[in-house]
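J.: Generate coordinates for the entire structure from the input sequences, incorporating the hints supplied.
Residue numbers (the working numbering), protein chains in the order written: chain E, 7 to 130; chain S, 18 to 97; chain B, 12 to 175; chain H, 995 to 1227; chain A, 24 to 136; chain Z, 6 to 91.
Errors might be hidden in some of the hints.
[Unchecked claim] Taking lysine-lysine and the DSS-like style, the derived pairs with C-alpha atoms no more than 30 Å apart in a straight line are: (1) H:LYS1147 x E:LYS118; (2) B:LYS139 x H:LYS1221; (3) H:LYS1221 x B:LYS56; (4) A:LYS120 x B:LYS87; (5) E:LYS118 x H:LYS1091; (6) H:LYS1030 x E:LYS63; (7) S:LYS41 x E:LYS117; (8) E:LYS72 x S:LYS44; (9) H:LYS1147 x H:LYS1221; (10) H:LYS1030 x S:LYS44; (11) A:LYS120 x B:LYS100; (12) H:LYS1221 x S:LYS41; (13) E:LYS118 x H:LYS997; (14) A:LYS120 x B:LYS139; (15) B:LYS69 x B:LYS56; (16) E:LYS117 x H:LYS998.
[Said to hold, decoys possible] So the derived list for chain B, only partly shown, Cβ under 7 Å to chain A, looks like this: (17) GLY33; (18) VAL92; (19) PRO105; (20) ILE136.
Read the hints as simulated data drawn from the structure, not as lab findings. Every residue gets a Cβ at the ideal spot worked out from N, C-alpha and C, and that includes glycine.
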Amino acid sequence: MTQYFSLEFITMLTGFLLIIVGIWGMISQKNLIKIVIGFSLFDTGLNIVIVSLSHIKNSTAPIIDKAVDVSQAASKIADPVPQALVLTSIVIGLGVTALMLAYVLRLYREKKSLDINSYTDLKW
Amino acid sequence: MSILLAIFLGLVILVLAGTAIYHKNTKVAIIAAGAVGLFASVLYILLAAPDVALTEASIGSGLSTIIFFYVLNKIRQTND
Amino acid sequence: MNIRNVANLFVLLFLIWLLLTGTFELTSLVLGVTIAGLFALNFGKNSSVFGKFRLTPKVFVYSLIYLFVIAWEIVKSNIDVALRVINPKLPINPGIVKIKTRLKSPMGRMILANSITLTPGTLTIDIKDDELYIHWIDVKTLDAEKASQEILGKFEKLLEVIYG
Amino acid sequence: MIKKGILLLILVGFFAVISSLIINFTGNEALNPMAKHYAENGPSEVGAANLVTAVVVTYRGLDTLGEITILFIAAAIIGFFLKAHNADADRPSRLRKTSEILETASTLLVPTIFMLGAYIFINGHLTPGGGFQGGAVMASGVMMIILARPTSKFNHKLLSVLESVSGVAFVILGVLGVVLASGFLNNSFLPLGELGSILSAGAIPIIYVSIGIKVGSELTGILDSLKEHQNEI
Amino acid sequence: MEIRETVGAAVTLLGSVFIFLGGLGIVRMPDLFNRIQAGTKASTLGTILSLLGLAIMNEAWIWKLLVIIFFVLITNPISSNVISRAAHFRGTRMTNKTVADLLSDKNKKISEE
Amino acid sequence: MVNTILIMAGVLMALGILLALFRFILGPDVTDRAIAFDVMTVSSISVIALIAYFAGRVIYLDVALVYGLLSFLSVVVIGRYIERGL
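T.: As structure tokens, this is what we get:
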């Protein structure tokens, strides 16, 4: 039980629950903007999970200054690679969210409705 | 100590996420989604990732809110 | 192109750069001067907001006094509002009153409005010409003159010296 | 109702599948070999104190190029989608004027925000931050301008020039790494300098500044395409 | 050395008390304007005090903390002002205890003319 | 001693954030929620500073710097949207 009471586990659980909430919002809501909000929550949750994977027990930020010396860097810092991935992923997430919102706006101008049920053109 | 703070932040994030999904008013949902980003950024600092936290702060503090509100504004103006 | 405006903006930006980096390394200083100069030229040439400010000893002393006055006001009125919040009866008497200011320069007016907003108990809602509309948590008078004296009596004199 | 039940069932199934992943996760005790290599050799090979910057700009620089391209394509598609409709949007509309306080404050705050953005750019190899964050901060500064003065027009030509020049500069710096040093985006064709000083890490500050200008102008372009063009009353 | 750190920690504690009071104020006050009065102002002072306390504790951090305090001081009143102006324009309901509302009187006069 | 005082301060800050969250969920109007959001951002600046103190890293303060300068933009956007000025 004690293994679950660690920073990494708790943040990872938070991230996964946030992913679940985001997916639930995307598939259960009818409003198009709510679906985009669900997507952005999903994005945040995914980022939290990846960052929690980079954390080593009692580690500090992977930046070398007075507090962390070069010689002992390898034993003290967190993993820099997942952080670098998430760094770019957040900016891309903003771009993708803006793209989805542009689609929403375009769809709204076609049919004057934000309800997903009124877009039935390709429904079988 | 940091574990307790992480549990607190996780609960706050989940409550805000629930608000963002289930609130009827779209504006409130957007603000709640922005607040999720805010607390996620504090969580990133706790996880020793200041670079990621800085990115989330600079994106989530203004840009991600304004694009939602611009689209809402355009939808409102189409109706008028 | 207002030389004094650009110079004031440059000093402000360079000060921020120094505080942010916290070093006096030569290369860092050169970079700071270049960037601050570029931004000051770009943003300062079309406005005259900073132009009124001139750094004489008198203005410096008055600015220090102003800082102390506003810090004291903020702490005092914060305790006042905090006592109101803790009190179970919630003794508030709110209302929106109108006050008049003599200040003309936009920067001075903004600092005045922000000072009023920062002190709890008063909140600037709108500013039209020389009239400020203030939400006051404990309205003592509705008369414009008396309210002006009550709310901004201390700030205005100092700001008149600093921003002309 | 039945539909929601099915969806809930799917979600519970999804959670059941990944729950074994979560339950067995106990946290990492030590760095994996690749990260260890970066931590031990990064400061001497690259010369950047911020190892995340080292990974983003040099070790995984090609990924960064791809991500910037994705952002560029997203901005271009948004512009393409929304520009076509703007022609008939110039009917008169009521737009409330900004208060004087916000307008004066913006003249003070916009240079400050840009200064912070420049600090984040230039110290990207020493402190947290760099091109992506600085670009986002600068786009926030532009956003402050259009919030305070909604009628102000963008200089589109300057925006596109900045975007293409910085993109080309990024690629040219990468190719210079191939020609003068050992590989694409290798930063050691400029002297590495002393670890921790502002003129260190070879070409990383220059590369990061170009990334930052690129990201900033692309985010500004997205904001501009979403903005409503209107006249004030 | 010890005394200075204790003083700094005490100042931080005072700041956190103000943050707590701000939270309490925002819950207890009856309408939007009073919530702004009690909430954002108290939490601004609380943040400034806690940053000052940390600046007292370690002198190496003092410059960066001063910049943060400066930023908070100039940005926070602006957001309160904008949101209260928008709420008044929209006609947010004010509490029954309100004594006077001269701004809406003036706006009404303008629209009548 | 010092650590105990600072942990107490952290608990009080968390309680303040919790109260603001209560207003966020309860708040009858959008503007009330915007104010609650403002209180949460300002309070989390000092939480970030506390984390930086406990970790002993001055560089964490950069995040607080960005929040201090940019967090008001979100509230300004909401206000301008409500008064139809966007």
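J.: Keeping to a limit of 30 Å between CA atoms, is the pair of LYS139 of chain B and LYS1221 of chain H held or broken?
T.: Holds, at roughly 28 Å.
J.: Does the structure keep LYS1221 of chain H and LYS56 of chain B at a Cα separation of 30 Å or less?
T.: holds (26 Å)
J.: Against the 30 Å threshold, does the CA-CA distance of LYS1221 of chain H and LYS41 of chain S hold or violate the hint?
T.: holds (25 Å)
J.: Holds or violated: is the Cβ of GLY33 of chain B closer than 7 Å to a Cβ in chain A?
T.: holds (5 Å)
J.: Within a Cα-Cα threshold of 30 Å, do LYS120 of chain A and LYS100 of chain B meet the stated pairing?
T.: holds (13 Å)
J.: Sort out whether LYS63 of chain E lies within 30 Å of LYS1030 of chain H, counting only the CA atoms.
T.: holds (15 Å)
J.: Regarding the pair LYS118 of chain E and LYS1091 of chain H, is the alpha-carbon distance no greater than 30 Å?
T.: holds (29 Å)
J.: Any CB of chain A closer than 7 Å to the CB of ILE136 of chain B?
T.: holds (5 Å)
J.: Holds or violated: are the alpha carbons of LYS1147 of chain H and LYS118 of chain E at most 30 Å from each other?
T.: The given pair, whose Cα atoms are some 29 Å apart, holds under the 30 Å limit.
J.: LYS118 of chain E and LYS997 of chain H: Cα distance at most 30 Å?
T.: The hint holds at about 26 Å.
J.: Would you mind confirming whether the straight-line C-alpha gap from LYS117 of chain E to LYS998 of chain H stays at or under 30 Å?
T.: With a Cα-Cα distance of about 26 Å, the restraint between LYS117 of chain E and LYS998 of chain H holds, given a limit of 30 Å.
J.: So if I understand the rule, the pair passes when the alpha-carbon distance is 30 Å or less; does LYS120 of chain A with LYS87 of chain B pass?
T.: holds (24 Å)
In terms of the numbered hints stated before, the structure departs from hints 8, 10, listed from lowest to highest.
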